[in-house]
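One point on numbering: in this note's numbering, the residue at position 121 of the sequence shown is 1505, and numbering is uninterrupted.
Everything labelled a hint here was simulated from the structure, so no lab data went into it.
As the structure is a prediction and not an experimental result, all values here were calculated from the model.
Some hints here could point you the wrong way.
No farther apart than 27 Å at their CA atoms in a straight line, the calculated lysine-lysine pairs in the DSS-like style are these [said to hold, decoys possible]:
| # | residue 1 | residue 2 |
| --- | --- | --- |
| 1 | Lys1590 | Lys1642 |
| 2 | Lys1701 | Lys1749 |
| 3 | Lys1686 | Lys1391 |
| 4 | Lys1629 | Lys1701 |
| 5 | Lys1441 | Lys1686 |
| 6 | Lys1689 | Lys1441 |
| 7 | Lys1391 | Lys1502 |
| 8 | Lys1441 | Lys1470 |
| 9 | Lys1502 | Lys1463 |
| 10 | Lys1749 | Lys1686 |
| 11 | Lys1642 | Lys1391 |
| 12 | Lys1706 | Lys1686 |
| 13 | Lys1642 | Lys1689 |
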Amino acid sequence: MEGLLVKLLITPVDFDCNMNCGYCYNGSARRLCEAPNQIISEDTIYRIFDQIVPFLKSNQLVIIWHGGEPLLAGQDFYKEALKIQKQAVNGRYQITNCIQTNGTLVDESWADLFAELKIGPSVSVDGPAHLHDSIRTFINGGSTYDLVMRGYRLFQVRDINTGMLMVISQNNVRHPEEIWNWVVEQQIPHFDFLPCIEPELWRQGKQKYGLSSEEVANFFVRFFDLWFDYGDPGIKIRTFRDAIKGLIGGRVNICSWKAGCLQHISFDASGNVFPCARYHCYPETALGNIQEQGFSGILESKTTKWVHEGIAEGQAKCIKCKWNAICGSGCPFLKYALHGNWSEQYVHCQPRQVLFNHVQKRIFKQ
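Sequences and hints are given; from them, build the entire structure.
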């Protein structure tokens, strides 16, 4: 199984976070897992990098430090972790480190460290202040917007290539024009959307912030038109970029559009291995533990076979769909979280088809 990995996800503090977002999946994950918040050990970091090198698909690897809020691990942690990483790869591979952060802890010293270590940040912001602060608050309910945007600007002034991730929920789905105007006013060069879904509540038919397929489709179509008609190539939206690339025969990059779970691997703070960080609250999907066995053994485990075969079988059901080459059958994790298997239809299948049809008509003027 050599040549497997293209992306590695690590949650150095598990689900620990200094915020309490209304829709946060990590909040429900804490209830499901009851996992103790801890910082991953240096020994586990060493084991990860020492073991994965023979399984890299090419000489390049993307590592995403995720959470919870990964900056809670502290600056010294990242200095040491990247030192261990450098020693393990010994110049043989090109490693790109990225951190998905809520941005509230970013100050001058953190921004300097990102620049020094060449870490690429992505900051979570849900649009203008009144939309963001109505759902993304501190644990005490306090506003976070100003601190988040301060952190974002500190990255920008250092010419650090900084992404942005917006969760689209019941809180902001009816405000595409306002969000677009904010993007233009704030000069946000590239970002992407994450449609909100609350797995536990979805199964009960009681979502509070999660979206219906129609709401997702309507938002995407309207926002695409706002972006496309504005005509500024300097504003890049990953979902729309990949839709266009796929339609003209290019390679898409979004993991859920290209069977990403089969080429990614994720580690929690205890060294448990999962197909993706979103599976961390489903212990039955743990492929093994890097402290207890070698990575080759983990890849050959019964659980790994079960997960990979299940994902592949689910993807095979979409093989005749006209959009399969672009869509890749949807996010396997959401199939599992909502249905307990990978065979059911992706929850956002219909919105994707609507978006692809709309983009095709716009770019080819059909």
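Hints, verified against the model:
no.: 1; hint: Lys1590 with Lys1642; result: 30 Å, violated
no.: 2; hint: Lys1701 with Lys1749; result: 31 Å, violated
no.: 3; hint: Lys1686 with Lys1391; result: 22 Å, holds
no.: 4; hint: Lys1629 with Lys1701; result: 23 Å, holds
no.: 5; hint: Lys1441 with Lys1686; result: 22 Å, holds
no.: 6; hint: Lys1689 with Lys1441; result: 19 Å, holds
no.: 7; hint: Lys1391 with Lys1502; result: 17 Å, holds
no.: 8; hint: Lys1441 with Lys1470; result: 18 Å, holds
no.: 9; hint: Lys1502 with Lys1463; result: 11 Å, holds
no.: 10; hint: Lys1749 with Lys1686; result: 49 Å, violated
no.: 11; hint: Lys1642 with Lys1391; result: 13 Å, holds
no.: 12; hint: Lys1706 with Lys1686; result: 33 Å, violated
no.: 13; hint: Lys1642 with Lys1689; result: 19 Å, holds
Checked against the numbered hints above, the structure violates hints 1, 2, 10 and 12; every other hint is satisfied.
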